[in-house]
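Here are the chains, one letter per residue:
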Amino acid sequence: MKRAQSPPGAVAAQGQTMSDSEPRSPARAEGSPAGRPDAAIQGGVLETRDLVVRYGDTAAIKGVSLAIPERSITAIIGPSGCGKSTLLRTLNRMNDFIPSVSIGGRIYYRGLDLYRPDVDPVEVRRRIGMVFQKPNPFPKSIYRNVAWGPQINGLDANLPELVERSLRKAALWEEVKDRLHDPATSLSGGQQQRLCIARALAMEPEVILMDEPCSALDPVSTAHIEDLMFELKERYTIVIVTHNMQQAARVSDHTAFLEAGELIEFGDTNRIFTKPEVARTEEYVTGRFG
Amino acid sequence: MSASKIDLSGSNIDQSGSKVDLRATPQLRARRTRASVFRWLCQAMTLSAVAFLGLLLFQVVRDAWGWLDWNFLSSFPSRRPENAGIKGALFGTLWMISFTALISVPVGVAAALYLEEYARPGRLNTLIQINIANLAGVPSIVYGILGLALFVRGVGLGKSVLAASLTMSLLILPVIIIAAREAIRAVPSSLRQAAYALGATRWQTVRHHVLPSALPGILTGVILALSRAIGEAAPLIMTGALAFVAFVPRSPMDDFTALPIQIYNWASRPQAEFHHLAAAAIVVLLVVLFAMNSLAIVLRQRASGR
Amino acid sequence: MSLARRRTLRRDGVEEGIRAGLFLCALVSVATTAGIIGVLAFEAFEFFREVPLTEFLLGTRWTPLFEPRSFGVLPLVGGTFMIVIGSSVVAVPLGLASAIFLSEYAGARLRGVLKPVLEILAGVPTVVYGYFALTFVTPILQRFFPETRVFNAASASIVVGIMILPLIASLCDDALRAVPEELRQGAFALGATRMEVSLRVVVPAALSGVLASFVLAVSRAIGETMAVTLAAGQTPNLTFDFRESIQTMTAYIVQVSLGDAPAGTVAYKTLFAVAALLFVITLSMNLIAHRVLGRFREVYE
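Chains as they are written, first to last, in numbering that gives the first Met the number 0: chain A, 0 to 289; chain B, 0 to 305; chain C, 0 to 300.
Derived from the structure by calculation, the hints contain no laboratory data. Glycine included, every Cβ here is placed at the ideal spot set by N, Cα and C. Incorrect hints may appear among the rest.
[Stated by the list, open to error] Covered stretches of chain C, going by a simulated chain B footprint (3 or more residues, C-beta under 8 angstroms): (1) 51–61; (2) 173–181; (3) 275–282.
[To be verified] According to the in silico footprint, chain C covers these stretches of chain B (three or more CB under 8 angstroms from chain C): (4) 52–66; (5) 131–141; (6) 144–150; (7) 214–222.
Input sequences plus hints: build the corresponding full structure.
Below you can see the structure in the form of structure tokens.
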């Protein structure tokens with residue numbers, strides 16, 4: 000694994016609000032009790048070590064060590080408020096926009112510390128894309144939605160082809176190929192979400208983070224997107240946060256169970272849902288709480 | 000189940016057979032009457048405010064009747080009321096407002112963008128915000144004094160269109176900033192998040208998404224601010240806009256006059272003819288303002304109807 | 000595969016440059032305030048080197064432009080004060096009643112018609128109000144109160160009142176509408192009439208916003224220039240008789256700048272002294288209003 004080469008004279012992290020600079024909180028919370036990842040997936044494409052995330056004085060994540068395996072779907076489940084979304088957003092430095100946030104511990108992307116001062120969050124987000132809970136296409140045409148990201152990042156070598164490719168990968172091409180210049184808002188909810196996925200794919204990321212991508216959609220659209228995720232995982236690493244346990248069980252290869260900011264258990268999905276090692280996990284997946 | 004009578008024996012409910020009386024008691028009727036009077040009073044007061052406006056417009060139009068013609072629009076002021084016109088004032092106002100817009104709109108929108116998109120919460124920025132709120136309440140004549148000291152004298156621009164425009168820009172800058180900030184704030188954060196998640200820098204996000212989205216709201220605010228500037232006379236008096244101007248400005252450094260100044264000048268003369276002239280000029284001014292405000296309202300509907 | 004920046008230095012330069020440029024624009028507002036305070040303070044200081052502060056603030060004769068010179072500003076303050084009182088008498092009841100009507104009684108359609116009308120009222124330039132006062136209001140006043148002069152405080156007060164009425168109506172309307180519906184429902188459920196709900200529940204709940212609107216309106220009335228210059232007169236006159244001609248601080252400033260007192264003389268410097276006083280008064284009132292507004296804003300949030 001290569002370490003990042005900082006160009007000589009690299010300026011400090013770019014001037015976005017606050018936490019682009021070295022935000023280290025000295026407090027290290029205890030490691031998770033049973034967060035021992037299964038041996039085969041140690042040190043995956045994304046790895047957190049003793050991650051602590053604070054908003055002001057409140058700790059939302061209290062020492063999570065987790066390794067996301069490559070080219071698979073990892074689900075993060077847990078009761079509301081357990082920190083799932085916070086964890087997800089730390090992975091692509093979207094938490095940087097919250098002024099009071101501070102990060103402790105480390106997050107590694109292919110062995111590189113994501114929060115090092117010379118790491119540019121903009122570059123991070125090109126490699127680690129995100130799809131949000133509520134579809135949020137730009138108020139522009141379908142084409143411009145997909146094309147915009149590559150264009151501003153200088154990846155616009157063959158834009159129309161890139162747009163078509165991304166829309167095909169998101170299983171949306173057939174439905175919109177004749178109306179690429181219609182406004183994105185004219186699409187249905189499920190289509191908009193697939194458009195957002197296409198938009199993220201157009202950046203050719205390695206990892207796609209999905210924050211409850213189906214919770215605003217109807218069951219049919221949800222099924223489409225779940226099918227889509229199966230196809231995508233052959234090329235991309237997917238991390239999905241969901242409060243829907245059945246979805247996690249259906250879709251994911253690995254599952255992490257979070258509660259109150261701590262990683263209670265992580266492992267192979269089948270095992271988590273049938274023979275969890277920790278009692279608390281079993282209580283959650285059998286619906287006794289949350 | 001057949002309906003059976005509920006056995007109420009042993010309860011406190013009066014079962015003597017008399018109906019419950021829900022009619023209004025005398026006290027309630029009195030309260031009701033007072034309430035009706037109150038409502039009527041409030042309504043009357045609101046309508047009287049509307050009536051004032053109607054009265055004012057009626058008066059002005061009546062006074063201007065017969066004095067507002069093409070001759071009026073194309074002549075310069077004169078000692079003889081029949082020959083006097085507002086050509087100089089119209090062009091002066093036009094020049095002044097154009098330069099004011101050119102100066103104040105970019106600065107105001109830029110400041111609003113900084114405060115909403117770039118600023119960190121902190122002492123300096125709270126200070127700036129309080130400062131802007133206070134500036135919005137400073138009397139316009141004080142801005143005139145600032146303009147006099149700073150632009151007319153200090154920088155040495157003299158009594159020119161440019162000095163007046165700079166002064167006017169300072170006057171409406173807080174208004175523009177406040178309106179632009181609201182428009183920018185109304186852009187949903189999900190839009191920004193989507194752009195950032197694609198690896199966009201702050202400026203790219205602002206330029207391609209936030210600003211276009213906020214534009215209708217910003218334009219509405221700008222038009223309202225400019226329409227305020229058109230009607231202001233006090234700052235112009237201080238920066239030396241003259242009243243007897245028999246020419247049209249040819250450069251930003253020229254002397255000039257403006258509609259409100261002309262109106263003031265004519266209205267403060269004792270002769271009745273000049274009052275008619277003032278009324279005619281007022282009609283012109285009100286027509287311009289009405290057009291601008293209608294435009295702003297249309298824009299506002301479009302912005303919120305989207 | 001490096002996560003460090005590609006094309007970093009150029010893009011960073013642009014981003015930083017844009018940020019700096021926007022920041023400078025935001026600083027213009029600070030510079031404006033600094034400029035106002037600087038100019039007024041400097042010139043007023045020059046004035047007070049020649050005229051003692053106590054004579055200025057406590058004297059009751061204001062004749063700075065001709066002999067024998069007197070620099071007591073109270074007549075001007077008194078004139079301004081009369082306008083404040085007079086316009087408040089007009090604007091406060093009408094404005095508040097309009098706000099109550101708009102927020103508690105009027106349906107959406109009526110609001111849609113009335114609110115723009117009020118906005119139009121607020122958008123009429125002050126010279127127009129001055130003209131209206133001079134040519135319409137004063138003659139009517141003279142018909143009912145024969146001793147009313149051509150220039151008088153009453154007519155100016157009335158039009159200034161109409162001018163600030165929309166401000167009160169709009170701010171109070173916002174304040175009243177911000178009161179949660181549950182409060183009204185609770186009162187209705189207890190059998191109250193709408194008047195009782197409005198006056199005893201809603202207005203008290205919105206009191207801070209209502210009071211702040213009064214303070215802001217008064218501040219605007221104090222700073223009002225053209226209407227009072229045209230209608231109220233140019234005679235500094237410490238009186239409480241609304242039929243007489245008076246001069247406000249703002250009207251005096253206009254008089255001096257249109258007159259021919261040479262720059263640099265004490266007479267001319269009175270302009271800045273009066274303006275400084277005006278600025279201090281309006282600034283204090285605005286600060287008070289914003290404190291009141293701000294402090295109680297969190298009550299329902």
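Here is what the structure says about each hint:
Three residues within the 8 angstroms Cβ limit are the bar, and the segment 51–61 of chain C against chain B gives 0, so the coverage statement is violated. Counting residues of the segment 173–181 of chain C whose beta carbon lies closer than 8 angstroms to any beta carbon of chain B gives 0, which falls below the threshold of three, so the coverage claim is violated. With 4 residues having a Cβ less than 8 angstroms from any Cβ of chain B, the segment 275–282 of chain C passes the three-residue criterion, so the hint holds. Coverage of the segment 52–66 of chain B by chain C holds [criterion: at least 3 residues with CB-CB distance below 8 angstroms; count 6].
With 10 residues carrying a beta carbon less than 8 angstroms from a beta carbon of chain C, the segment 131–141 of chain B meets the three-residue requirement, and the given coverage holds. For the segment 144–150 of chain B, the assignment as covered by chain C holds, since 5 residues bring a beta-carbon within under 8 angstroms of that chain's beta-carbons and 3 suffice. Counting residues of the segment 214–222 of chain B whose CB lies closer than 8 angstroms to any CB of chain C gives 0, so the stated coverage by that chain is violated, three being the minimum.
Against the hints set out earlier in the document, violations occur for numbers 1, 2, 7.
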